[in-house]
Every structure is written in C-alpha cells, then in structure tokens.
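Residues per chain, in single letters:
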Amino acid sequence: MESMTVKAPSISDEQLLQSFLQGNEKSFQDLMHRYREPILSFVYRFVGDYDDAIDIAQETFIRLYRFGHTFQGEVKFSTWLYTIAANLARTELKRYRRRHGTLLKNVFAKGDDSDSWDIPDEQYRPDERVDSTHISQAVQKALMKVSSSYREMVVMRDIQQLTYEEIAQITGTEMGTVKSRINRGRLQLQEQLRDLYNEVFGIDEEQQ
Amino acid sequence: MNSILPIPPVPEDFNQQVMLRAWLAELPAAPVPDNFDAGVVKRTGHGNLWVINSILLAVAIGLGVWLAMAPKVVAVVHVPDVRGSYVDLTRLPPAPHTEQPAINRRPVRKSARQLFGRAGY
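Protein chains in written order, with the numbering used here: chain S, 1 to 208; chain W, 1001 to 1121.
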C-alpha cells in the first residue's frame, strides 16, 4: 500500500523545497516524484473521478511551484501539500455541485462497475486477484456515498495513513472532531459495505 | 473498597471494522499517467517558454540557412558608354608648335672633381 511515507530520503522535503526556491528546478521535480502518487491517490479517493483527480493533483504541484515561498515550516511539508490538495478537492466538489446541481460523488456512484480509471499501463496491476479488484471497486463506490466531510478524513486516515494530528492540521479541525468524523465515516462505510461483508464471509441474512 | 472496572466488551462490529480498515489500506494507489509531469510543467508557464524558445530557434536556423543559400551579392558599377566619345585618329588637328629652349641649350660640362669630389676629402 502506498502511503504518504517516503522511503528514507537522503534529502528532506524541506531541504528540497529550499533548494528549489534557490533556483534548482530539479529539486521541484524530485518533490513532485515523491508526492505525485500519494497526492493523486488521496484526491482520487476523495473526489472519485480519475481525470478530475489528475487535474487537481497537477494543480497542487502548480501551487507548490508558484507559492512554495509561502511555506513557513510551521507544519511538515507533506502536511502543507496535503492541505493544498484537500482545499482544491473540496473546491472542485463545490464547483461541480454548483454547475450540475448534484454531487460529483453521486455521478460516480451510479452503479458503474467498470474500473474507475481507464489508462493503459502495462506495468500497473491494480489488484492481483479478481476478488480483490471486486472489493476495491465496491469500497471505492461505497466511499463516494459517504458524506464528503467524513470521506475526506477517512481517506486521509485509513488510506493515506496520516496521523490524527496531521489530519487536524490539514483540515483545520479540532482533534476531537477529526476522530468523531472518522468514526462516523467508517460507520457509513460499514453500512454501505454490508452486502460485501456477507458476500465475502458467506453470511446469510438468516444468520445475522 | 476499590472495585476493578469491568473489561468493556468487544463491540459487535469489531470484525467488520477491522476488515473495512484492511480493505481501505489495501486500495491500490491511483496510477500516475506518463504525461503527469509534463502537464505540470506546461501549466506552470514553462511550457509556453519552451514553445517560444523553439520558435525563436527555428527562426534563427531558418535565417542561417537562407543566408547560406542566398546568391552571392555582386556590386553593379555603372560604366559610362565609351562609344559616344570615339575619336577619329585620322582627323586629329595638328598639335601646336612650341619651342623648348631647355632642349637646345648646351649642357654644362662638369669636371670629374666636381662630379666625384677630390680624393682625401
């Protein structure tokens, strides 16, 4: 599982950013290579649309390029970057709701069983087992039915493996609220995935 | 007397919660498309700079090639037509006769001493 944790980099994120701000474009590329996958995954799980997720993830790095000098070092660089991505994703969801009068998540939750991204990649193996693919799709579909404020935090905690403290910093929310929302989000997910539990563990309705 | 607090029972949905979190943790990462970086670079404005540089380079190369292949410049000098000033040598007027007294004058003889000086001096 890919998380935001970076494999023991020899140069810290903050050092790379400093190097970039001093004119070293290569450092920007290095930062992008470190965080493009976790950021894209986070946004995709939050927004639910792969193309929108790419757009938002790219916009996140554009913000880094343009406004990297505003990073004050009060939080970790990764927390700062996630904050940008989360804000952009939230804005995108609101924008879509204004335009179309519905939630973006509802559009992608309408029973489309096809894989959510459609790009050919010989090396990429999203799931090695067929049933694992099925579970992934079901979980993603269920995620999109969870309230966005809960979903955002569940994705950060349970998929991106961020700490409660980091989530509180990213979302600008109290720690207690973070925990509460994550719990509620998990409960909503459980409700959505009830059929999947039964299917996977072979529990009949009568046995419950 | 202190009484030991009873151990809270395991919640009924404990297994489901564990499975849910396991499934979430195992969700595959969204694949990063090959053109992701290029898209960022293009949108930061460096893409435009690259295009402008390419155009300038192409223009410079084109200009160089054009100059190299252009014909040599030959300076055209206006030469007056000399046919109009043709002179018929058979009808030239006689040249005026003039005396040249220096020719008729006897040359002044100079002695060897005058010419070469005296030995010893």
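Treat each hint with caution, since some may be false.
Unchecked claim - Below, simulated DSS-like cross-link-like pairs (lysine-lysine); rule was C-alpha separation at most 30 Å, straight line:
1. K179(S) / K94(S)
2. K76(S) / K1110(W)
3. K1042(W) / K94(S)
4. K179(S) / K145(S)
5. K94(S) / K76(S)
6. K94(S) / K145(S)
7. K76(S) / K179(S)
8. K1042(W) / K26(S)
As the list claims (entries may be wrong) - So, partial list: chain S residues that the calculated Cβ filter (under 8 Å) puts toward chain W:
9. M32
10. R36
11. S41
12. A53
13. I54
14. Y65
15. F67
16. V139
17. D158
18. I182
19. R186
20. L189
The set of hints was computed from the structure by calculation and includes no laboratory data. Virtual Cβ for every residue (Gly too), placed ideally from N, Cα, C.
How the hints compare with the structure:
no., hint, verdict
1, K179(S) / K94(S), "holds (24 Å)"
2, K76(S) / K1110(W), "violated (116 Å)"
3, K1042(W) / K94(S), "holds (26 Å)"
4, K179(S) / K145(S), "holds (19 Å)"
5, K94(S) / K76(S), "holds (27 Å)"
6, K94(S) / K145(S), "holds (16 Å)"
7, K76(S) / K179(S), "holds (21 Å)"
8, K1042(W) / K26(S), "holds (15 Å)"
9, M32, "holds (6 Å)"
10, R36, "holds (5 Å)"
11, S41, "holds (4 Å)"
12, A53, "holds (6 Å)"
13, I54, "holds (6 Å)"
14, Y65, "holds (5 Å)"
15, F67, "violated (11 Å)"
16, V139, "holds (5 Å)"
17, D158, "holds (4 Å)"
18, I182, "violated (10 Å)"
19, R186, "holds (6 Å)"
20, L189, "holds (6 Å)"
Checked against the numbered hints above, the structure violates hints 2, 15 and 18; every other hint is satisfied.
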